[in-house]
Amino acid sequence: MKFRAKIVDAACLNHFTRVSAMVAKLAKICTLRISPQTLNFILSDKVAGGGVSMWCELEQENFFSEFQMEGVSAENNAIYLELTSENLSRALKTAQNARALKVKLTNKHFPCLTVSIELLSVSSSSRIVTHDIPVKVIPRKLWKDLQEPTVPNSDVSIYLPVLKTMKSIVEKMRNLSSHLIIEANLSGDLNLKIETELVCVTTHFKDLGNPPLASEDASQDRDPEQMAEVRIDIRKLLQFLAGQQVNPTRAVCNIVSNKLVHFDLLHEDVSLQYFIPAFS
Amino acid sequence: MPSGIAVCRVFPAARGQSGPCSLPRPLSLRTVNSSRSAYACFLFAPLFFQQYQAAAPGQEALRCKILMKSFLAAFRSLAMVEKSVEKCCISLNGRSSRLVVQLHCRYGVRKTHNLSFQDCESLQAIFDPALCSHVLRAPARVLGEAVLPFPPALAEVTLGIGCGRRVILRSYQEEEADSSVRAMVTEMSIGEEDFQQLQAQEGAAITFCLKEFRGLLSFAESANLSLSIHFDAPGRPAIFAVKDTLLDGHFVLATMSESDLHSPAPHRLVPPLQAHSTPHLDDFANDDIDSYMIAMETTVDSEGSRAGPSIPLSPGLRPPCSPGPYSEDNDAEPSTEPGTPPPKKFRSLFFGSILAPAHSPPGPSPVLAEDSEGEG
Chain A
1 MKFRAKIVDA ACLNHFTRVS AMVAKLAKIC TLRISPQTLN FILSDKVAGG GVSMWCELEQ
61 ENFFSEFQME GVSAENNAIY LELTSENLSR ALKTAQNARA LKVKLTNKHF PCLTVSIELL
121 SVSSSSRIVT HDIPVKVIPR KLWKDLQEPT VPNSDVSIYL PVLKTMKSIV EKMRNLSSHL
181 IIEANLSGDL NLKIETELVC VTTHFKDLGN PPLASEDASQ DRDPEQMAEV RIDIRKLLQF
241 LAGQQVNPTR AVCNIVSNKL VHFDLLHEDV SLQYFIPAFS
Chain B
1001 MPSGIAVCRV FPAARGQSGP CSLPRPLSLR TVNSSRSAYA CFLFAPLFFQ QYQAAAPGQE
1061 ALRCKILMKS FLAAFRSLAM VEKSVEKCCI SLNGRSSRLV VQLHCRYGVR KTHNLSFQDC
1121 ESLQAIFDPA LCSHVLRAPA RVLGEAVLPF PPALAEVTLG IGCGRRVILR SYQEEEADSS
1181 VRAMVTEMSI GEEDFQQLQA QEGAAITFCL KEFRGLLSFA ESANLSLSIH FDAPGRPAIF
1241 AVKDTLLDGH FVLATMSESD LHSPAPHRLV PPLQAHSTPH LDDFANDDID SYMIAMETTV
1301 DSEGSRAGPS IPLSPGLRPP CSPGPYSEDN DAEPSTEPGT PPPKKFRSLF FGSILAPAHS
1361 PPGPSPVLAE DSEGEG
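Protein chains in written order, with the working numbering: chain A, 1 to 280; chain B, 1001 to 1376.
The following block holds chain A by itself, in its conformation from the complex (with noise of 0.2 angstroms):
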């Protein structure tokens, strides 16, 4: 197994750096599956993540000036590395001013994704830092669980109101409630609802737009003012919403009745993908 990758570029490893923030703040523990073409970032939904899982992708040729790796085997070309996201993120956030940054697979002791970052210097010699992130090395035998999730089939989709706007709301939500309904309709209008004992808060949004559907029968079937509702925990949308830091390029809520919501964004090339089920 072989992997090293080299950024050069400041805009593509500030997008990488912020990519790794916002999985730092999905998920504590992650996946990072490499591959020839592509990176991911996996959360898949064991219990101890709440039933709760994640799955991001970025196109490794539109942020590595270099990249090469070797996996497993020539019939299994992949890595899967276990890490705690927060490492990424922090090794990152050091290479503001970086010349170049390199990352690569070792074994210090124990598995490490080591990067290396060449910083800008006043004076003649450079600078170099260097983070050794400890690694798991996921074996194949588990491969089967880290898989990309299928899409399911939803029964309302719609596109996301601004996502800071909906999490100052959600915010104030949670001091009132541990549960929030998520519900919305092929007429552009979502709600997020809260119901306690005391009160209930109902926020309105309207003329969000929904995508085309994939099949033509099951628009015709579905009532446009009829709501799909899920009710989630909203931690979990609060962590959702709080790991997004820039407004996404595309942002589409699918909502499968009483099972889960499916949030499916993309941030510029980088797609992400998150999964709450409905609460049990």
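A few of these clues could be false.
Claimed, not checked - A few chain A positions that, by computed beta-carbon distances, are all more than 10 angstroms from chain B:
1) Asp45
2) Gly50
3) Asn62
4) Leu213
5) Gln239
6) Asp269
7) Ala278
8) Ser280
Claimed, not checked - Among the chain A residues that face chain B by a calculated CB cut under 8 angstroms, a handful are:
9) Ala91
10) Thr94
11) Ser124
12) Ile128
13) Val129
14) Thr130
15) Ile133
Said to hold, decoys possible - With beta-carbon atoms standing in for the labels, derived distance ranges:
16) A:Gln60 x B:Val1147: 27 to 35 angstroms
17) A:Gln60 x B:Cys1088: 53 to 61 angstroms
18) A:Gln245 x B:Gln1118: 25 to 33 angstroms
19) B:Cys1089 x A:Val199: 55 to 63 angstroms
20) B:Arg1141 x A:Asn258: 53 to 61 angstroms
21) A:Lys28 x B:Arg1141: 42 to 50 angstroms
22) A:Pro149 x B:Lys1069: 34 to 42 angstroms
23) A:Lys172 x B:Ser1084: 53 to 61 angstroms
24) B:Val1085 x A:Val201: 23 to 31 angstroms
25) B:Lys1069 x A:Lys164: 40 to 48 angstroms
No lab work stands behind these hints, which were simulated from the structure alone. Computed from a predicted model, the values in this text were never measured in an experiment. Glycine included, each C-beta is placed from N, C-alpha and C at the ideal position.
Given chain A, work out where chain B should sit, using these hints.
Quick look at chain B alone, frame taken from chain A:
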């Protein structure tokens, strides 16, 4: 100031020659932390102050001990101080046994703090930077940038000279035997050219408390001073000094000894700083972890992190000189404050006196001793 300090001693006139033409003695502020692993001393020349009236030469030196918390409370907000305080007067009121700190602020507002003090014996660590074999000196800004990549919560750091006379700072993590979550290791490598002085051989290294160093560093950065680091073999105290025409500051910090660095834990996190450990940008020599993968696939347990082949500990750093007459410095010295559990691993270190052999005391004697008799 080093963290965890509860006591501050003020010497309006601490040391200096006495004689008919002598200058007034400087103001000195000294302190030591509870585990006796960090000592700080700041000397202010009389010219630092607008007005300075100390004990006359020949007269008994005024010396008192104040609670740090109380003293700092008078200067609670630096922003407030900079904006509204016009003058600050500090005086010792013998009659009422109070140290009076008076802040003359704008609009005629005057804030007076009366701090009670205790008489005390001399607190003085005996150290001589000139006796240290290694010296580094750089503008505080360079060192400030050097510690930036390290997490604010990091307790200890190793400083040493690597290959090509590069100065290396590396995070030091104590490996807990039962922890399955390893910590990230960060290393910063700076070229010799960034230093105003670098008198040290490759392989020399010490491990000390980063938090305390940051304290002095932030002061030095704000005052735009250079900071020099004098150190010797691991285990011997390291001296961090800043100086300008009006003030002189020293931090003396205990460093970890060889025995502390080579802990018996089977999975030592990081090899001690080696002379050849400078990462070269094109060095991919350690890429190949195939042998590790093979070992892991054959174990029944799917938790792979501990199943790797065992690797012998690297030989590590040899001290540049033999322990010599100061080996007793590493003996554990019981804290003079009973019931105070030492919070840090430096508890067993005791930075001994760096005296010339002729003056060294016969047995392990506390250098910083509140209860020592007479002048230190």
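For each hint, the structure was consulted:
1. Asp45: Non-interface label on Asp45 of chain A holds, nearest chain B Cβ at 19 angstroms vs cutoff 10 angstroms.
2. Gly50: Holds, since 20 angstroms exceeds 10 angstroms.
3. Asn62: holds, 23 angstroms
4. Leu213: holds, 42 angstroms
5. Gln239: holds, 21 angstroms
6. Asp269: holds, 27 angstroms
7. Ala278: holds, 31 angstroms
8. Ser280: It holds; Ser280 of chain A is separated from chain B by about 28 angstroms at its closest Cβ, greater than 10 angstroms.
9. Ala91: Holds, because the Cβ-Cβ distance from Ala91 of chain A to chain B comes to roughly 7 angstroms (cut-off 8 angstroms).
10. Thr94: OK, holds: Thr94 of chain A within 8 angstroms of chain B, min 4 angstroms.
11. Ser124: holds, 6 angstroms
12. Ile128: For Ile128 of chain A, the interface hint holds, since the closest Cβ of chain B sits about 4 angstroms away, which is under 8 angstroms.
13. Val129: The hint holds - Val129 of chain A has a Cβ within 8 angstroms of chain B, the shortest such distance being about 5 angstroms.
14. Thr130: holds, 4 angstroms
15. Ile133: Holds, because the Cβ-Cβ distance from Ile133 of chain A to chain B comes to roughly 5 angstroms (cut-off 8 angstroms).
16. A:Gln60 x B:Val1147: 27 to 35 angstroms: Because 33 angstroms falls inside the window, the suggested range holds.
17. A:Gln60 x B:Cys1088: 53 to 61 angstroms: holds, 60 angstroms
18. A:Gln245 x B:Gln1118: 25 to 33 angstroms: The hinted range 25 to 33 angstroms is violated for Gln245 of chain A and Gln1118 of chain B, with Cβ atoms some 52 angstroms apart.
19. B:Cys1089 x A:Val199: 55 to 63 angstroms: Given about 58 angstroms between the Cβ atoms, the range holds.
20. B:Arg1141 x A:Asn258: 53 to 61 angstroms: holds, 59 angstroms
21. A:Lys28 x B:Arg1141: 42 to 50 angstroms: Since the Cβ atoms of Lys28 of chain A and Arg1141 of chain B sit about 35 angstroms apart, the hinted range of 42 to 50 angstroms is violated.
22. A:Pro149 x B:Lys1069: 34 to 42 angstroms: violated, 55 angstroms
23. A:Lys172 x B:Ser1084: 53 to 61 angstroms: Roughly 37 angstroms apart at Cβ, these two residues miss the hinted range, so it is violated.
24. B:Val1085 x A:Val201: 23 to 31 angstroms: violated, 49 angstroms
25. B:Lys1069 x A:Lys164: 40 to 48 angstroms: holds, 41 angstroms
The structure does not agree with the numbered hints 18, 21, 22, 23 and 24 stated previously, though it agrees with the rest.
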